[in-house]
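Asker: So you can see what is in the structure, the chains are spelled out below.
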Amino acid sequence: DAKTTQPNSMESNEEEPVHLPCNHSTISGTDYIHWYRQLPSQGPEYVIHGLTSNVNNRMASLAIAEDRKSSTLILHRATLRDAAVYYCILTYFGNEKLTFGTGTRLTIIP
Amino acid sequence: SQTIHQWPATLVQPVGSPLSLECTVEGTSNPNLYWYRQAAGRGLQLLFYSVGIGQISSEVPQNLSASRPQDRQFILSSKKLLLSDSGFYLCAWSNSGGVNTGELFFGEGSRLTVL
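Protein sequences appear in the order of chains A and B.
Residue numbers for the first sequence, in this note's numbering: 1 to 110.
Residue numbers for the second sequence, in this note's numbering: 1 to 115.
Certain hints may be false.
When the alpha-carbon atoms are kept at most 30 Å apart in a straight line, the in silico DSSO-like pairs for lysine-lysine are as follows [said to hold, decoys possible]:
1. A:K97 / B:K79
2. A:K3 / A:K69
3. B:K80 / A:K97
4. A:K97 / A:K3
5. A:K69 / A:K97
Worth flagging that the hints you see were computed from the coordinates, not collected in a lab.
All chains, full assembly: derive it from the sequences and hints.
Answerer: Structure representation (C-alpha cells):
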C-alpha cells in the first residue's frame with residue numbers, strides 16, 4: 001500500500017482556519033485520498049475523501065495537489081470540538097480495508 | 001438508517017480468562033465488518049475483517065480470533081487473555097463495495113483492561 005506522511009502534531013487558534021498537510025509521493029493513479037478523525041475516547045469518523053479534484057463538504061475541504069503527491073485538509077473555522085487526531089489514508093480500487101497510520105494530533109487553542 | 005452496536009463498553013478481566021466482544025450492525029445487508037484495536041497511546045491496528053458469513057481475514061498473528069456467525073454479527077474472542085491484550089477495541093462496518101469510495105463506520109468501542 002502507498003504510504004502517507006503527516007506531522008505528528010499541530011496547533012491552531014480557535015475560530016481560525018486550519019491546514020493539515022499530507023504527503024503521499026508514491027500514490028498511484030487509482031488511489032483515493034481519505035481523511036478520518038478520532039476524538040478522544042471515540043472511534044474514528046469519516047471526514048472527506050477525493051481522487052483528483054478538490055472536494056468540499058459540511059465538515060471540511062480537501063485540496064489535492066495537481067501531481068497528487070500531496071493533499072491538505074482544510075478546516076475553515078476551527079472550534080474546540082475539532083481537537084482530534086486526523087488520519088490521511090490512501091485506498092485503491094477493490095480495497096476492503098483501511099490501514100491507519102499515526103496521524104496528526106490537532107490541538108485547538110482557545 | 002444504519003447503526004452499529006458493540007458490547008460490553010468496558011470490562012476488566014484477569015490474565016488467562018476468556019474474552020468475547022460482540023458487534024452487530026442494523027439497517028444494512030452484507031456489510032464488510034472489521035475489528036480494530038488501539039493500545040494506550042498507540043495507533044489503530046486492524047485485527048480482523050470479514051467480507052461475508054464465515055469469511056475471516058486475520059491481519060496480525062495473536063491469541064485472538066474472530067467469527068461471523070450471521071450476516072450482521074461479528075464476534076472477537078480469546079481463550080486466554082494476555083496483559084498485552086489490554087486496549088480499546090473498535091468494531092466497524094462498510095458497504096460491501098469496500099472502503100475505496102465509501103465510508104468506514106465505527107462503533108462506540110470496548111475498553112478492555114487485563115490485570
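Asker: Which numbered hints turn out to be false for this structure?
Answerer: none
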